[in-house]
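From just these sequences and the hints, can you work out the full model?
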Amino acid sequence: MSAQLDAIDRALINDYQGGFPLSAEPFAEVGASLGIDAEEALARVTRLLEDGTLSRFGPMYHAEKMGGGLTLAALEVPEDDYERIAEIVNGFDEVAHNYARDHDFNMWFVLATETPEGVAETISKIEAATGLVVHNMPKKEEFFIGLRFEA
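Residue numbers (the numbering used here): 1 to 151.
Bear in mind the hints are in silico, worked out from the structure with no lab data behind them. Please note that the accuracy of each hint is not assured.
[Said to hold, decoys possible] As a list, the in silico EDC-like pairs of lysine to aspartate or glutamate whose alpha-carbon atoms are at most 20 Å apart:
{"id": "1", "residue 1": "Lys-125", "residue 2": "Glu-83"}
{"id": "2", "residue 1": "Lys-125", "residue 2": "Glu-76"}
{"id": "3", "residue 1": "Lys-125", "residue 2": "Glu-114"}
{"id": "4", "residue 1": "Lys-125", "residue 2": "Glu-87"}
{"id": "5", "residue 1": "Lys-140", "residue 2": "Glu-64"}
{"id": "6", "residue 1": "Lys-139", "residue 2": "Glu-114"}
{"id": "7", "residue 1": "Lys-65", "residue 2": "Glu-117"}
{"id": "8", "residue 1": "Lys-140", "residue 2": "Asp-81"}
{"id": "9", "residue 1": "Lys-125", "residue 2": "Glu-150"}
{"id": "10", "residue 1": "Lys-139", "residue 2": "Glu-121"}
{"id": "11", "residue 1": "Lys-139", "residue 2": "Glu-64"}
{"id": "12", "residue 1": "Lys-65", "residue 2": "Glu-114"}
{"id": "13", "residue 1": "Lys-140", "residue 2": "Glu-117"}
{"id": "14", "residue 1": "Lys-65", "residue 2": "Asp-93"}
{"id": "15", "residue 1": "Lys-65", "residue 2": "Glu-141"}
{"id": "16", "residue 1": "Lys-139", "residue 2": "Glu-117"}
{"id": "17", "residue 1": "Lys-65", "residue 2": "Glu-142"}
Written out as structure tokens, the structure reads:
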């Protein structure tokens, strides 16, 4: 990850986490607000993605409200096999996030599926592909914390 963020990069990250212009030319609007043109705004987002400063860029959807399924899952992965298992898990389109943790369950990931039944189907496929037991932890209650990261 690049730590070389200038004031424009920081403003781009900080100002647009909570929403992006819905218009025919959103990068022109973003650029104008930052004092740059649309091409530079797009180039900066691309660079921040490529250098790992940003892990994703796009809308956030609420899978359940759209008729889909959502769950938090965990695996207990042998350390010497972690990279291979991470590659397998990350190969599933349904895996929205995947994080390493310092715990017996050392790989935690979010599954977002097109249907509620898709959660169990995807878990079965991940278990078959990895040879490991997936621990499914569906939410009991949802809390909105308004998570933001300051650059």
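Given hint Glu-64 paired with Lys-139 - CA-CA distance at most 20 Å: Holds: Lys-139 and Glu-64 sit about 11 Å apart, inside 20 Å.
Pair hint outcome, Lys-125 versus Glu-83 [Cα-Cα no greater than 20 Å]: holds (18 Å)
Holds or violated: Lys-125 to Glu-150, with C-alpha atoms at most 20 Å apart: violated (37 Å)
Holds or violated: Lys-125 to Glu-87, with C-alpha atoms at most 20 Å apart: Holds. Lys-125 to Glu-87 sits at ~14 Å (cutoff 20 Å).
Lys-65 paired with Glu-142 [C-alpha distance capped at 20 Å]: holds (12 Å)
Is the Cα-Cα distance between Lys-65 and Glu-117 20 Å or less? holds (15 Å)
Does Asp-93 sit within 20 Å of Lys-65, going by the straight-line distance between their CA atoms? Holds, at roughly 19 Å.
CA of Lys-140 to CA of Asp-81, is that 20 Å or under? violated (32 Å)
Given hint Glu-76 paired with Lys-125 - CA-CA distance at most 20 Å: holds (16 Å)
Is the hinted pair Lys-139 and Glu-117 satisfied, with a Cα-Cα distance of at most 20 Å? holds (15 Å)
If you draw a straight line from the CA of Lys-65 to the CA of Glu-141, is it 20 Å or shorter? holds (14 Å)
20 Å Cα cutoff - pair Lys-125, Glu-114: holds (15 Å)
Checked against the numbered hints given earlier, this structure breaks hints 8, 9; the rest are met.
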